[in-house]
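Line by line, the protein sequences are chains A and B. Take this note's numbering: the final residue in the first sequence is number 714, and no numbers are missing along the way. Take this note's numbering: the final residue in the second sequence is number 252, and no numbers are missing along the way.
These are calculated hints, taken from the structure and not from any lab test. Since this is a predicted model, take the numbers as computed values, not measurements. It cannot be assumed that every hint is accurate.
[Unchecked claim] Within a straight-line C-alpha distance of at most 20 Å, the following computed PhoX-like cross-link-like pairs (lysine-lysine) qualify:
hint, chain 1, residue 1, chain 2, residue 2
1, A, K288, A, K325
2, B, K31, A, K700
3, A, K344, B, K31
4, A, K493, B, K209
5, A, K262, A, K289
6, B, K(-4), B, K31
7, A, K576, B, K209
8, A, K364, A, K443
9, A, K364, A, K576
10, A, K506, A, K543
11, A, K344, A, K437
12, B, K209, B, K183
13, A, K493, A, K505
14, A, K465, B, K183
15, B, K16, A, K344
16, A, K543, A, K443
17, B, K209, B, K242
18, A, K493, A, K465
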Amino acid sequence: MVKKIENVGCPFCGVCCDDLVVTVSDDGKKILEVENACVIGSTVFHRAMSERHTLPRLRQPDGTYKEISYDEAIDYAARVLHNAKKPLIYGFGSTNCEGMAAAAKVAEKAGAVIDNCASICHGSSFLAIFDNGYPSCTLGEVKNRADVIVYWGANPAHAHPRHMSRYSIFPRGFFTGKGHTGRKIVVIDPRHTDTAQMADIHLQVKQGHDYDLFNAFRTVARGHDIPAEVAGVKREDIIEVVDIMKKARFGTIFYGMGLCHSDGRNHNVDIAISLTRDLNDFTKWTIMAMRGHYNITGPGVVWSWQYGFPYCLDLTKRDIAHMNPGETSSVDLAMREEVDAFFNVGTDAAAHFPIEPVKRLRKHPWITVDPHPNMATEISDLHIPVGIVGVEVPGIVYRMDNVPVQYRNVIDPPEGVPSDEELFERIYERLCELEAEDAAKAPAKAVPEGIRAGE
Amino acid sequence: MKTVTLTLAKSPELYIEGQNITPDQFAGKKAAEIASLDVWEGKLKGPLGNYFTVEGDGGATAGETKIVLRGDCTRVKRIGQQMTAGEIVVEGNADMYIGGWMKGGKIHVKGNVDSFCGIGMEGGELIIDGDAGHHLGSSPRGEWRGMQGGLIRVAGNAGNDTATFINGGTIIIGGDADIHISTHGEGGTVIVKGDAKGRVGGQMVKGNIYVYGTIENPLPGFKLVGEVEQEVDGETARFAHHIGDLGERHPVSKGKTVYANLYTRI
Ligand code: SF4
Chain A
260 MVKKIENVGC PFCGVCCDDL VVTVSDDGKK ILEVENACVI GSTVFHRAMS
310 ERHTLPRLRQ PDGTYKEISY DEAIDYAARV LHNAKKPLIY GFGSTNCEGM
360 AAAAKVAEKA GAVIDNCASI CHGSSFLAIF DNGYPSCTLG EVKNRADVIV
410 YWGANPAHAH PRHMSRYSIF PRGFFTGKGH TGRKIVVIDP RHTDTAQMAD
460 IHLQVKQGHD YDLFNAFRTV ARGHDIPAEV AGVKREDIIE VVDIMKKARF
510 GTIFYGMGLC HSDGRNHNVD IAISLTRDLN DFTKWTIMAM RGHYNITGPG
560 VVWSWQYGFP YCLDLTKRDI AHMNPGETSS VDLAMREEVD AFFNVGTDAA
610 AHFPIEPVKR LRKHPWITVD PHPNMATEIS DLHIPVGIVG VEVPGIVYRM
660 DNVPVQYRNV IDPPEGVPSD EELFERIYER LCELEAEDAA KAPAKAVPEG
710 IRAGE
Chain B
-13 MKTVTLTLAK SPELYIEGQN ITPDQFAGKK AAEIASLDVW EGKLKGPLGN
37 YFTVEGDGGA TAGETKIVLR GDCTRVKRIG QQMTAGEIVV EGNADMYIGG
87 WMKGGKIHVK GNVDSFCGIG MEGGELIIDG DAGHHLGSSP RGEWRGMQGG
137 LIRVAGNAGN DTATFINGGT IIIGGDADIH ISTHGEGGTV IVKGDAKGRV
187 GGQMVKGNIY VYGTIENPLP GFKLVGEVEQ EVDGETARFA HHIGDLGERH
237 PVSKGKTVYA NLYTRI
């Protein structure tokens, strides 16, 4: 008898759909069918069945990979971390919070910099939130209350396929019984995207000039005049949209990479937050980052709890956590050649970073921890396969609105393959052993103390 | 005034964090003691003498101590961080955080500096003969009380995010400035003698900005209100006077709304 598992969470995008129904074979080993998920979501489950490695692979002098045992791989990884002056551990787009906490423990022990994919994604949102606060809400509130939705620099039709049907445009909620007919949708994007296709109003902002347009919105909201055209948008159109926003019962601005990755970055989000605050003088407005991966919100939450900062954490001083993107962010560290070992965990830095930082990181040991082969594994010195969170490994994930969701597994990982958490706990133990060996050898050259230890 | 000369003998593989290179730390110390002060390279803490040769002793107080840095300090961070008095001369380039959180004294860098120099500055003088990177005289991340006082003078160009959350003090840029000047500013003065790229004074509440050249993308939140003649950095000139950011909140003083001022040279 095949088994149907209900209410399964999807380990792909930040929408974190938790209504999937997965059918597995009677021996519990194969995934046969995935219902309710969008195409990308169901691919994650089906791909679990192919392209898997069950042993770590170490690069040989002739350039090929050779399979080694997990113990050997863990020893290699621990030595790389131990010997480097400033190792960088980066990734965590696709793993659970348990794995993130264990990796941070390793980073602290190793005196490393630990960073997550926000560094090249919504990290600029963090900076804006530090500066200006975050008047946000949950997706449930959007579904039940919002009658005006703004997508600014975001294209959920492609990046978060079920966002519009589950939470924003289409669902019928408690105060939004009419569904999409009762909602006004505004899309602000330089391109006529598939999301813009669904909008009542699409403002085609000039690429890279969102800040100027927000400034115009705010100026109009405060009753001042603006030039006839700002950032490629006509004055009348700006006035019309500001009017719609002021008259909303409850509105939400969802923003994406269009703000975080055009000129000015954090300040585009910063001024969006200021606009949201201004609009609360008239009615209720909220703002939300369209976080990409299903648990990329997780490391921000976990590490803030552990160290006080969500990303770009420099733990090289052990008892002081230092964070300053621009200096301690992965791409900057790589470009400035400030690190001498690289750990790529649950992401693909080789595919996502610009080529120059990849080349500079590649001068040093590069270890990739990922269930599947990807571009990073192809250039790594060591690839350590792990179980797939949400498919083979259960755990806690944070949805884009900072709501934690307990994910479950539907099958077991291939025999002997650990979870991220188990792997990092074992690396941690090996690091402790290496430190003890060092201390025994030369007590004077023990682990560097924290900066305040002598006071 | 006693002079301590540090010459970089061994370049670091990564970067040196030299927060101890300040007159405050060097004061009252002999050359050998100075050489044993800590610097960091990644997770390794080691004596300053591992990288620099040290000549001369520190003065009795910070105010009586001058530090001269020779050799290529392009990979040395945090020189003069939190210094309160005395003088530092860097003969060439330096890296990040030069004069960060500085309270007094003077730093003169004869080459270029990287980002975050003079952040959180409260007093003193930071003179840079070359270019400065991003976040010059800006506030540290998440800190809404930025530069409080002091003077930063850059002969060359500056990167983006100059003077974010500035509250007081003066920044003079001889060349051009990239986007974002005095964003969220609540006081202070920024003078750009070259061109500004855009987002000048966005979300600004109070304070002054002077731009001598052109602003490529002026913000819609600034309004022209007239012309004025003013003395700026020792010379008198005529400026077009704009007020803003009209999209931002503004305090009311003696029944009048206080705006930020943007002056562009005519
Ligand atoms: S919208 Fe996102 S979370 Fe939902 S099924 Fe698709 S990929 Fe998975």
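Taking the hints in turn, this is what the structure says about them:
1. Under the criterion of a C-alpha separation no larger than 20 Å, the hint pairing A:K288 with A:K325 is inconsistent with the structure, at around 27 Å.
2. Under the criterion of a C-alpha separation no larger than 20 Å, the hint pairing B:K31 with A:K700 is consistent with the structure, at around 19 Å.
3. At roughly 10 Å between alpha-carbon atoms, A:K344 and B:K31 fall within 20 Å of each other, so this suggested pair holds.
4. The suggested pairing of A:K493 with B:K209 holds, with an alpha-carbon distance near 18 Å, which does not exceed 20 Å.
5. A hinted pair counts as satisfied when its Cα atoms are at most 20 Å apart, and A:K262 with A:K289 qualifies at roughly 10 Å.
6. Distance restraint check for B:K(-4) and B:K31: the Cα-Cα separation of roughly 15 Å lies within the 20 Å cut-off, and the hinted pair is therefore satisfied.
7. With a C-alpha separation of about 49 Å, the suggested pair A:K576 and B:K209 falls outside the 20 Å cut-off, and the hint is violated.
8. For the proposed pair A:K364 and A:K443, the alpha carbon gap of about 46 Å is over 20 Å, so the pair is violated.
9. Restraint check for A:K364 and A:K576: satisfied, since their Cα atoms lie roughly 14 Å apart, inside the 20 Å limit.
10. For a cut-off of 20 Å, the pair hint linking A:K506 to A:K543 stands: about 10 Å separates their Cα positions.
11. At most 20 Å may separate the alpha-carbon atoms for a hinted pair to count; A:K344 and A:K437 exceed this at roughly 60 Å.
12. Proposed proximity of B:K209 and B:K183 is supported: the alpha carbons are some 18 Å apart, at most 20 Å.
13. With a C-alpha separation of about 19 Å, the suggested pair A:K493 and A:K505 falls inside the 20 Å cut-off, and the hint holds.
14. Distance hint between A:K465 and B:K183 is fulfilled; the C-alpha atoms sit about 16 Å from each other, no more than 20 Å.
15. Proximity of B:K16 to A:K344 is assessed by CA-CA distance (about 30 Å); at most 20 Å being required, the pair is judged violated.
16. Only pairs whose Cα atoms come within 20 Å are accepted, and A:K543 paired with A:K443 is accepted, the gap being roughly 15 Å.
17. Straight-line distance between C-alpha atoms of B:K209 and B:K242 comes to about 17 Å, which keeps the hinted pair within the 20 Å bound.
18. For the given pair, A:K493 sits about 11 Å from A:K465 by alpha-carbon distance, which is consistent with the 20 Å threshold.
The earlier numbered hints that this structure contradicts are 1, 7, 8, 11, 15.
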